[in-house]
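Number of protein chains: 2
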Amino acid sequence: MLTLQTNICHLLGIEYPIIQAGMAGGPATPELAAAVSEAGGLGTLGAAYLAPDALREAITAIKSATSKPFAVNIFVSKEKGDFTRLVEVQRALAPFRSELNIEEPEISSSADWSRQQFDICVKMSVPVISTAFGLLDEAQVQAAKSAGIKIIAMATTVEEAKLAEQSGADAVVAQGSEAGGHRGTFSLDDHPDGAQIGTISLVPQIVDAVRIPVIAAGGIADGRGLIAALALGAEAGQIGTRFLIAEEAGTHTAYQQRIIDSTEEQTVITKSFSGRPARGIRNRFITEFEKTGTKPLPFPSHNTVTRDIRTAAAKQNNSEFMSLWAGQSLRLVNDKMPAAQIMQEIIQNAQSILKG
Amino acid sequence: MLTLQTNICHLLGIEYPIIQAGMAGGPATPELAAAVSEAGGLGTLGAAYLAPDALREAITAIKSATSKPFAVNIFVSKEKGDFTRLVEVQRALAPFRSELNIEEPEISSSADWSRQQFDICVKMSVPVISTAFGLLDEAQVQAAKSAGIKIIAMATTVEEAKLAEQSGADAVVAQGSEAGGHRGTFSLDDHPDGAQIGTISLVPQIVDAVRIPVIAAGGIADGRGLIAALALGAEAGQIGTRFLIAEEAGTHTAYQQRIIDSTEEQTVITKSFSGRPARGIRNRFITEFEKTGTKPLPFPSHNTVTRDIRTAAAKQNNSEFMSLWAGQSLRLVNDKMPAAQIMQEIIQNAQSILKG
Chain A
1 MLTLQTNICH LLGIEYPIIQ AGMAGGPATP ELAAAVSEAG GLGTLGAAYL
51 APDALREAIT AIKSATSKPF AVNIFVSKEK GDFTRLVEVQ RALAPFRSEL
101 NIEEPEISSS ADWSRQQFDI CVKMSVPVIS TAFGLLDEAQ VQAAKSAGIK
151 IIAMATTVEE AKLAEQSGAD AVVAQGSEAG GHRGTFSLDD HPDGAQIGTI
201 SLVPQIVDAV RIPVIAAGGI ADGRGLIAAL ALGAEAGQIG TRFLIAEEAG
251 THTAYQQRII DSTEEQTVIT KSFSGRPARG IRNRFITEFE KTGTKPLPFP
301 SHNTVTRDIR TAAAKQNNSE FMSLWAGQSL RLVNDKMPAA QIMQEIIQNA
351 QSILKG
Chain R
357 MLTLQTNICH LLGIEYPIIQ AGMAGGPATP ELAAAVSEAG GLGTLGAAYL
407 APDALREAIT AIKSATSKPF AVNIFVSKEK GDFTRLVEVQ RALAPFRSEL
457 NIEEPEISSS ADWSRQQFDI CVKMSVPVIS TAFGLLDEAQ VQAAKSAGIK
507 IIAMATTVEE AKLAEQSGAD AVVAQGSEAG GHRGTFSLDD HPDGAQIGTI
557 SLVPQIVDAV RIPVIAAGGI ADGRGLIAAL ALGAEAGQIG TRFLIAEEAG
607 THTAYQQRII DSTEEQTVIT KSFSGRPARG IRNRFITEFE KTGTKPLPFP
657 SHNTVTRDIR TAAAKQNNSE FMSLWAGQSL RLVNDKMPAA QIMQEIIQNA
707 QSILKG
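From first to last, the protein sequence lines stand for chains A and R.
Its first residue numbered 1, the first sequence is counted upward by one per residue in the working numbering.
Its first residue numbered 357, the second sequence is counted upward by one per residue in the working numbering.
Calculated directly from the structure, the hints in this document are not laboratory data.
By construction, the Cβ of each residue, glycine as well, lies at the ideal position given by its N, Cα and C atoms.
Do not take every clue at face value.
What the hints assert, rightly or not - EDC-like cross-link-like pairs, simulated, lysine to aspartate or glutamate; straight-line CA separation at most 20 Å: (1) K63/A / E38/A; (2) K162/A / D546/R; (3) K80/A / D190/A; (4) K291/A / D546/R; (5) K291/A / D549/R; (6) K80/A / E99/A; (7) K518/R / E38/A; (8) K647/R / D261/A; (9) K647/R / D549/R; (10) K647/R / E38/A; (11) K647/R / D308/A; (12) K291/A / D545/R.
What the hints assert, rightly or not - Computed footprint of chain A on chain R; a stretch qualifies when at least three of its residues, placed anywhere within it, have a C-beta under 8 Å from a C-beta of chain A: (13) 364 to 375; (14) 542 to 553.
Can you build the whole structure from these sequences, using the hints too?
Written as structure tokens, this is what we have:
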């Protein structure tokens, strides 16, 4: 019997089986996380690129805005980055800087705050830590469990989901190929372009392989997708793109307009922005960087190297040189509204499918 | 309210909203089509590569085995093929022929039976004609309608689905990226590798854009996938891979074993076999042909050129050089059984999800 009251609601202390994706780099603000949690879902802070002080401030802000559970999403990648081919890549990026009228910055390393971010989450007793790009190590899992923190890990294949369960995760996100933003794949040796299994295939195969609850991600943007996820055996749906145009999101206005204007045909999976495969709306940066034939630096180095371009493009309202992460359900994402209203629409739509 | 008794059941005269995919080239035999139709679904003859006489025989065989509705699936591609680069491609194929111990055959053209196949279907009053790679023209649609034949067209984007509806199709298959076999894409100028929108994204976006019933395809292999499809707004699910190992299927035994043994990670979309993007289990042919860097000939020429290799490989039980078309839900496809039992399992699974 399909129902919105799944076990994971009890596990996480939420009212509805809806998890807002941890869209790092701006969109998933403390305000958005708090609004989604207040509306009965699990709001998520996109903390991956936050420096320690900024992370502490953001967690404090969520706690002062809601007493309900929320998640903090961090990257736990084992990738080391590599600047060996920096000169070649900077040469390929020069035309973008020239068009934006900015100078090439000095770069020699990428910040790696992952362990500090985790420690801050434990110290501040956030209700849920969700991870992508890898798994917490044994000591971290122990520390989280001792602090009463639930762990959600992201997987893009059945094998990754099994590893997530073995690592001690309380739930696993099955990220289908439709999802916007970075592929969560951590078996990158087997899947250099990210594993790209569609949600309707991935979810039931993971459900059959693990005992922990499965959260479906990728392509879910309304109540239809949510009920489909539950039918596939998931206990919740994770939704990203639709919350990109929530009023509380930190998404750049030009980026939001592209989300509203684009269709299902317009996204691609690219490494052009970060060195890691990620799905976004095709724009000039992707097309022109790929045309140079230059191999991106490994993640996170390439992300560091393109940052000044993305930042300048944002300041100049130039969506052609920004990373426009988005999933494939773009025709379902049209109206800016408060997160609470998005939640309400999804829930009412889902309930009407169940009740007829 | 979710139910298995959707409008399309009435439209097509079937009991359950399950359509067996028209897997051409051997698997989708008259026996399979008749067995699925007898079990209450819509069986489909994979007629695309059948010469006129063989098609007539096959239709007669289905009619003598069942009085229930069935479909005949044909290709209606506008692609012309081109043998200009034949010598270069044959050079890349030489190592495969050498290993199989066969001679390079004389080739100068591809058979194009599409219009004859259509005319035979009309003359023999098949209940349903389903098409891929393009749309029937106005005269064909008129001829089919006059004969009381229902038309199902395949689409891989919202725009293609709108064109299908405009062409006069009675229903449209929304083929998600998870699907095995050829991408049905006919907007190949925009999508040279085939449009690859996941089922959970594609279906609701097409449902919102057309008034004719939508059939979800791609990744559906059990009752969970079927109910997910209905939740997304589809009126039926089309199932291919699971029927590849039905006892009535004409699938080669070595191919069936690969279906049973493989996982969700092992398929790729490739043009190596036919010149048209298609999803199958990665084997030596795909890997080694792609490694030569040789661009395949356009469809259907490339399909014609690789045929002797695939035929010889089948005779030699060599699944490394056969085309192993398969979708991404391979872990859900494990047991050989009669098609009626596959139908029964899917229906019971679906009913148990609905009733709890």
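For each hint, the structure was consulted:
no., hint, verdict
1, K63/A / E38/A, "11 Å, holds"
2, K162/A / D546/R, "38 Å, violated"
3, K80/A / D190/A, "18 Å, holds"
4, K291/A / D546/R, "17 Å, holds"
5, K291/A / D549/R, "17 Å, holds"
6, K80/A / E99/A, "31 Å, violated"
7, K518/R / E38/A, "40 Å, violated"
8, K647/R / D261/A, "39 Å, violated"
9, K647/R / D549/R, "17 Å, holds"
10, K647/R / E38/A, "54 Å, violated"
11, K647/R / D308/A, "37 Å, violated"
12, K291/A / D545/R, "18 Å, holds"
13, 364 to 375, "violated (count 0)"
14, 542 to 553, "holds (count 5)"
Going down the numbered hints, you'll see the structure goes against 2, 6, 7, 8, 10, 11 and 13, while the others check out.
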